[in-house]
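Residue numbers (the working numbering), protein chains in the order written: chain R, 1 to 340; chain E, 1 to 644.
In case anyone wonders, no lab produced these hints; they're calculated from the structure.
Everything numeric in this text was worked out from a predicted model, so none of it was measured.
Treat the hints with caution; some may be incorrect.
[As the list claims (entries may be wrong)] Sample of chain R residues facing chain E (criterion: CB under 10 angstroms; computed from the structure):
id : residue
1  : Ser35
2  : Thr48
3  : Leu56
4  : Lys89
5  : Ser91
6  : Gly107
7  : Met154
8  : Arg179
9  : Thr182
10 : Met190
11 : Asn296
12 : Trp302
Ideal Cβ positions, reconstructed from N, Cα and C, are used throughout, including at glycine.
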Amino acid sequence: MQSGAADNLVHTRQSRWSRFRANRLAMVSLFVFASVLLIVLTTLPWTTRWYNIQSLDSAVRAAPMISPVVTFEAYGVALNPSEVSGWPKLSRLMWQTTSWMGHDDLGRSLFHRILPATLLSLIIGGCAAFIAVVVGSTWGAAAALLGGRADAVMMRMVDVLYSLPYILMVILMKVAITRPLTSLLDGHAMLAQLIILIVAIGGVSWLTLARVVRGQVLSLRTQPFVEAARANGAGVFYLLRRHILPNVAGPIVIYATLVIPQAILQESFLSFLGIGVQQPIPSLGRLAADGVEAVNAFVGFWWLIAYPCGALVVTLIALNFIGDGLRDAIDPKSAQETLL
Amino acid sequence: MTAFRPFTWVGSTLAIALVFAFFTSTQETPADFRYVNSSGVHTLDPARMSWSQDFRVALNIWEGLTTSDPRTTQAQAGAAMFPPQLSSDQLTYTFTIREDARWSNGDPVLASDYIRGWRRGMEPGTGTDYTFLFTDNVAGASEYVHWRQRATGALTAMDRLRHGWDIDEQAALSLSRHPIFHDIQPHLPPSFFTDFDRDQGVALAKQLSASTLDWGDLYQRTFDQHVAKMDQRFSTVGLEAADDKTLVVRLLRPCPYFLDLTSFPSFLPCHASVELLRESVAGLTPEGLVVYDPQWTKPGCRKNGYPGLITNGPYYVSDWKFKRRLRMSANPFHRAFDTISSRTIDMLVYENTSVALMAYEAGEVDFLPGMDVPYDHEIAKLAQTGQRPDFHICKTFATYFMSFNCIDKRIEDRPNPFIDARVRRAFALAVDKNAIVNAVLQRGDLVAHTFIPPDALQGYHSSSGIQMDVAKAKQLLDEAGYPDGNNLPAVTLLYVPSDERVCQALARMWETNLGATVELRCQETKSFAEDKANHRFMIARGNWYGDYYDPTTFLDCFNTGNGNNDSGYSNEAYDKLLNRARNTANTTQRLSLLAQAERIIVEKDFPIIPLLHYSSPIAIKPYVSGLYPNPRLRFPFRYVSVDR
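Okay, chain R solo, but in the shape it has when bound (with noise of 0.2 angstroms):
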C-alpha cells in the first residue's frame, strides 16, 4: 500500500513534466524565464555598483548604439581596482554594453538599469507570491477545516479586504508602518521601502488564494479517501499532510505562478504613480514612468520607453505561459480527462 502510494505519486510527477514538456509554448517561456534570470544574476556584481553612474554630459539622453559613448575611465572611477582585479576583462566587457539601449536624462546606461530593475521586479513578485501562498493556504485551509462559526469570520474578513481598493490599503501600510519600520532597520529606509512594499503587495494578493484553497479543502474534505482516513482514526494534521496538502498543491503552484507576474505589474503600477521604489533604485514601472515623461510630440526618446516597457512584457508574458502550462500539466480535472 505504501509503495503502491509512492509509485503513483512519481508516476504523476513524470507524467505532469512529460505533459509540461509538450507544451512548447511553455517550454519556450521557461527558456526565455530562465535566461533573463540567468543574464541578471550573472551581470549583478556590475550592475549593482553600475546603475546609478552618471555622467553628465553628451550622454545625456543619447541613443542606442553599440559602442559606449562613455569612456571607460569614466566607469573606472567607481570600479574598486582590488574587487575587480581578476576580471578587469569581464568589466570591459560588461562595459561594451552600456550603450546598447541608449542612456537617460542623466546619462545613465539604460541597460544597466533594466537588468537590477527586473531582478528587483522579480524579488518582488517571487516574495509577494511567497507570502500570499503561506498566508493565503493556511488561512483557506484553516477556515475550511475549523468550519462553523471560525470559517465565516475568517471568510468574511476576506471579504471586507476584498472590497477595499487595494492601492488604499497600500498607501495605508506604507504611512503606517514606514517609520517604525525605518527606525527598526537602523534607518535603512531603502529597505524598509522594499520590505513595505513586498509586504503590502503580498498582504493583497493572499485573498483570492485562500479563497481557492478554501474551496479546494471544503471539497476534499468530503471525499471518500478522505472519510475513510477519518474513519480509521486519523487526526487534522496527519488528514492535512497525507491528503489534502498534496492534493491542493497543484492549484497552490499554478496560482503562485500567475501572482508573481501580478504583483510584478502591481509594483511597476505602484512606482509609476511614485509611492513605490524610491529613486534612484530602479525598477521596471519606475523606468517606464521616467520614460513617459521623455516621450513628447516635439523629440520622442523612443528608448527610454520602449525598453523597460518591452522588458516588462517579456518578463510578464514568459511568467503567464508558464503558470498556463503548469496548470495544464497539473490540474486533477485536465490530468483525469487525458487519463480516461
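Take the given structure of chain R and dock chain E to it, following the hints.
Using the frame of chain R, we list chain E on its own:
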C-alpha cells in the same frame, strides 16, 4: 422590415433634439484672446491671494494707484497721477486719483476705495500672507494690526468661555495678553501672574475653563469697547483721504520701491458695495473679525442686493465657470476702453500642462504663460535655435536653490550635521552647478552663484559667490569631523516630483565627491510643504520669486523668525545689516549694506545653495502682439491685440 412604431419616432426625434440642444448650448462665441491657467483661480480676493495665476487675473480686472509697464514691469501710471507727490523726507506720498478713473458700474474711483482695499489687506480675518507689506511699510499699520490681533484673540477665547466651552492654551495665552485680563486676574488663584509660558498656558486654560466668572458680561464689555475704539485706532494708520480724490500715505521709513508695491495685488482698491456682504453684528463676527461673504468675488452674486463683483481695471469678470473658464470683458468705463483691442479674454483651465501645449498647437489657445512640461528642455531648444519663433524665454526674477536645515534637532532619529556651517559649505562646494543647468535640465537657465538674480536690480551688485572646489570641500568636511564622509549620518534630500532629475544628480555628486550617503525623499507637494515648514528635513528644494524690485524681497527670507525662513537660519550680524539697511535713507549706502548681508548667505554661512535662476518658456501665437516676455511674468492684457 419592422412595423412603424410611433414611440420610436418620437423618442429618437426627442433624443436628437436633446443632443442638438446640448451641443448648441455649450457652443459659445470664442473670446478675442485666450490664455491658459494651469490650476484655475484659487481666489479673486486681492487680500487673500498669493498665487501668480491669481495675481495675473487680479491685475487685469483691478487697477492699483500705479501699474507696471508691459515691457519692463517698472512702475507706471495707474489710477493715480504719476508720479505722485513725495515729501522731502521721503515719508509721505500724496496720490491724486484721476478724474476719469471709474468702476465697472460707472461710479468714480475714490481715495476711500483704496483705503478700504488696503485695510482688508491688513485686517486679521481678511488679510493673509502679505499683511507684512503693510506692517513693514505703512506708518502705524504694525501697531494697529497688533492691537486688532490681540483683541480678536481675547474675544475668541471669551466667546468660547461665555458659551461654556473649554479653551486651549493658545486661546488662554492670547486672553492673558489683553488688558481685560487685569479684571480677570483677581479671580484666579494668586499663583497666576502675567507672562505665561506654554506649560502655564495649559494650566491657565484649565483654570479659566473652570472659573465661574460672568463671561457674558466680560465679553460684551470688551467687545463694545473694542468696536467703539476701532475707527479711532485705524485713523492712526498712515492712510488718509484728504478729499475724495486725494490719498495721503505716510510711510514708516523711506521705501524706494513703494511705487512698485502699489502695483501689487495687496494694494488694489475695493468697491464700497462689498460692505453689503459684511457678515454679522456691528460689522464684526463674535470673534471680533471683519469677515465678508466669500461670494463677493463672484460676478453673479446677488445676496443682500449686492450687484456682483465690481472692479476698476481695464476688464471686469463677465462669466466665471469654476475650474473651467473665466471670461473677462473690457470695462466700458475705463479710460483706455477705446484703445483696448481684445474686448473679451478667456482664461481657460487645463490642469495638465502637456494638454495645454497640445491645445496651443491645435490653435485652441493663443498664449501659454508657462510651459512646465517634463520635456521643457526640448521646448527651450526650439526657442533658442529660433525654430519656433513663437516660443520665448523669460529670464525670471527668481532663484531655485537647496536649503539646509540649520536647526539643532534630530531628524528621523539622526543628528543634523548641517548645524555646522562648514558642512553646509562643503556640500555647496561639491555641487557642479554647470552640469545641473547645462546637462541635466538643458533649459537655458542661468547658473546661480548668488541668491538675488544678477543685473535685475539697478545699482545693486551681488558678490560673486563661490565656485565648485571639491578639494576644499573635502578639507572642510575633514575639519568638521567627517573625514571622507565617515561618521556623517545618512543625509536626506526632500523634494517634489518635478525635481527628480536635479535631486538625483545632486545626490550622486555628494556621494562621489564627498563620500556622503544621500537618501532621496520624493513627496507630493502638500506633505512636502508641511514637512518643510515644520523643519522636518535635512536638505530640501526651494525657490523664491521676487515680489517687488528690491533686494529685501529675497533677503528678508533669512531674517530670524521670518515666516518664509524654512531653514531656521539665524545670524545676528545678518539681521543687524538688514535692520541698518531698513533705517538707511541713502540708496547707495542701503544697497551696499544689503549686498553685505547677501554675501553672508552666499559666501560664508550657506543656509542655501543657489542653483539657478529660472528661464521660463512662454508661448505666444505669432498673430498676437502687445505681450512681452518679462522677468516677473506680468502680462497686462489691455495692450494685447490679436490679428488672426
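Results of checking the hints against the structure:
1. Ser35: violated (31 angstroms)
2. Thr48: Violated - the Cβ of threonine 48 of chain R stays beyond 10 angstroms from chain E, reaching only about 14 angstroms at its closest.
3. Leu56: holds (4 angstroms)
4. Lys89: This interface hint is violated because 25 angstroms lies over the 10 angstroms limit.
5. Ser91: Given a least distance of 18 angstroms, the restraint on serine 91 of chain R is violated.
6. Gly107: holds (7 angstroms)
7. Met154: It is violated, given that the least Cβ distance between methionine 154 of chain R and chain E is near 36 angstroms, above 10 angstroms.
8. Arg179: With a minimum Cβ separation of about 8 angstroms from chain E (threshold 10 angstroms), the hint on arginine 179 of chain R holds.
9. Thr182: holds (7 angstroms)
10. Met190: Holds: closest Cβ of chain E sits about 7 angstroms from methionine 190 of chain R, inside 10 angstroms.
11. Asn296: Asparagine 296 of chain R check passes; min Cβ-Cβ to chain E is 4 angstroms, inside 10 angstroms.
12. Trp302: violated (13 angstroms)
Of the numbered hints listed earlier, those contradicted by the structure are 1, 2, 4, 5, 7 and 12.
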